[in-house]
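Chemist: Sequences and hints are given; from them, build the entire structure.
From first to last, the protein sequence lines are chains A and B. Under numbering that gives the first Met the number 0, think of the first position of the first sequence as 0, with each following residue one higher. Under numbering that gives the first Met the number 0, think of the first position of the second sequence as 0, with each following residue one higher.
Read the hints as simulated data drawn from the structure, not as lab findings. Any given hint might turn out to be false.
What the hints assert, rightly or not - Not close to chain B: a few residues of chain A, all C-beta gaps over 12 Å, as computed:
#1 16
#2 106
#3 141
#4 194
#5 211
#6 212
#7 243
#8 251
#9 278
Claimed, not checked - Selected chain A positions facing chain B (Cβ under 8 Å, derived; list incomplete):
#10 216
#11 217
#12 227
Idealized CB from N, CA, C, for every residue including glycine.
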Amino acid sequence: MTIGTGRSDNLAELLRASGEVLTRRWVELAAEPLRGRLSVAELERELADLYAAILAGLDTGDRDPNSDAFAEVRALLSEMSRRRARAGFTPSETAVGVFTLKRAMFELLDQAEIAGGLAEVVAFSLLLDAFGLWTFETFAKAREEVIDEQAEQLLELTTPVVKLWDGVLAVPLVGTLDSARTQVVMEKLLESLVTTGAAHAIIDITGVLAVDTQVAQHLLKTVMAARLMGAECTISGIRPHIAQTIVGLGIEFGDITTKASLADALRHALRRAGVDLVAGDRRG
Amino acid sequence: MTGPGREDIPIAADDDVVRIRQVVRSYAQRARLSLVDQTKLVTATSELARNTLTYGGGGSAVVEMLGEGRRQGVRASFADSGPGIPDIELALTDGWTSGRGMGLGLSGARRLVDEFTLDTEVGRGTTVTVVKWSR
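Modeler: Structure representation (structure tokens):
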């Protein structure tokens, strides 16, 4: 590689002239660490688009990675990293797509013996570094989105409203109750009361690790709201250590019916609904 | 005893309150507190951590293992540099709240633990330290 002070678009010209050779080598290098998890054809299409966008950006003479000239490159990279993040690729496997272009270019410069300016090569190299970092950032962002989505799905999953009997609903609560989750529980329960016309609801807190004043307040509000809708609400599954803690805190559940177990609460609800449970007579 | 004997946890969001609960629970288990005492300590620290977040505007918590002769304990302290508490007597009264809670957090937490110290000054901030010993 000859170092001289060539025209500023020497590199862009070279990249355009040897575009085919360069992209082929690029795809080859980029495909290697992915070990066949992405088809070569797919990678070729992605990188060809990216290459065209980079060339278009270089043609403007701009070398600032955040300028408008490279807006399309950034958009393509964002989309690429987003896809990779969702498909479960590692950050390195994602960024390698950008960094291998640099390697392909250096190999080309080694063979081509062009009269390109060193300054040009350095500037282009820095540009690619910036794009590499950009993929990291969008990758991380996409992963965070995935995590947020999962947290939201978990929120939905862990709060089922189940029907125990005609007119008797139950919500088994599990784990940590924070404001967001309790809000979901409350809404779901109240909605189910309307749609099923149930007159009795049981909130079972056997699976709740600790009841502090915030959780208690949320529970009380849910019970009050259910009452306003004409439904009776029972809280069940209060284990001994939780009961002692509630007493210690000084929380009063007032006239709200509480039961030690879900079975007790169901029996209570059935009795109020006028259902008598009788052991079967097997003598005859 | 395995694991660290001291942990610093920043309190800046709701998630941190959950994390403090988990850390305190694991410390309480290691200190061989009974299930009731574990739950009491976890609940008390949950209240205090939330107070730090809601009224102190965030701060930090320190959870430590204590060993004194044959008994073991867990100490947790919560510090913020918020507005401070102007009237401690009032703040420790059941049912009184300056916010939207039940007004039982601070007074309830005091009843749930063995040692309770409240250090506050208007304009400087508040530090609450609680200790629970194994029996």
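Chemist: Does the claim that residue 16(A) lies outside the interface with chain B hold up, using a Cβ gap greater than 12 Å?
Modeler: Consistent with the label, residue 16(A) stays out of reach of chain B, its closest Cβ about 54 Å off (over 12 Å).
Chemist: Confirm or reject the statement that residue 106(A) sits farther than 12 Å, beta carbon to beta carbon, from all of chain B.
Modeler: holds, 48 Å
Chemist: Run the C-beta distances from residue 141(A) to all of chain B and say if the shortest one exceeds 12 Å.
Modeler: holds, 21 Å
Chemist: Report holds or violated for the interface hint on residue 217(A), using the least CB-CB distance to chain B and a cut-off of 8 Å.
Modeler: Hint on residue 217(A): violated, closest Cβ of chain B at ~11 Å, above 8 Å.
Chemist: Decide, holds or violated, for the assertion that all CB atoms of chain B are farther than 12 Å from the CB of residue 278(A).
Modeler: holds, 35 Å
Chemist: Measuring Cβ to Cβ, find out whether residue 194(A) lies farther than 12 Å from everything in chain B.
Modeler: Residue 194(A) is indeed farther than 12 Å from all Cβ atoms of chain B, at 31 Å.
Chemist: Non-interface claim for residue 243(A): all C-beta distances to chain B beyond 12 Å?
Modeler: Violated, since 5 Å does not exceed 12 Å.
Chemist: Quick check on residue 216(A) please, does its C-beta sit within 8 Å of some C-beta on chain B?
Modeler: This hint holds: residue 216(A) lies near chain B, its Cβ roughly 5 Å from the closest one there, short of 8 Å.
Chemist: Measuring Cβ to Cβ, find out whether residue 251(A) lies farther than 12 Å from everything in chain B.
Modeler: It is violated; residue 251(A) is separated from chain B by about 9 Å at its closest Cβ, not greater than 12 Å.
Chemist: Please confirm whether residue 212(A) is truly not at the interface, meaning its C-beta sits more than 12 Å away from all C-beta atoms of chain B.
Modeler: violated, 5 Å
Chemist: Holds or violated: is the Cβ of residue 211(A) farther than 12 Å from all Cβ atoms of chain B?
Modeler: At roughly 4 Å from the nearest Cβ of chain B, residue 211(A) sits no farther out than 12 Å, so the non-interface label is violated.
Chemist: Quick check on the hint: residue 227(A) CB to chain B CB, less than 8 Å?
Modeler: Result: violated, 19 Å to nearest chain B Cβ.
Checked against the numbered hints above, the structure breaks hints 5, 6, 7, 8, 11 and 12 and satisfies the rest.
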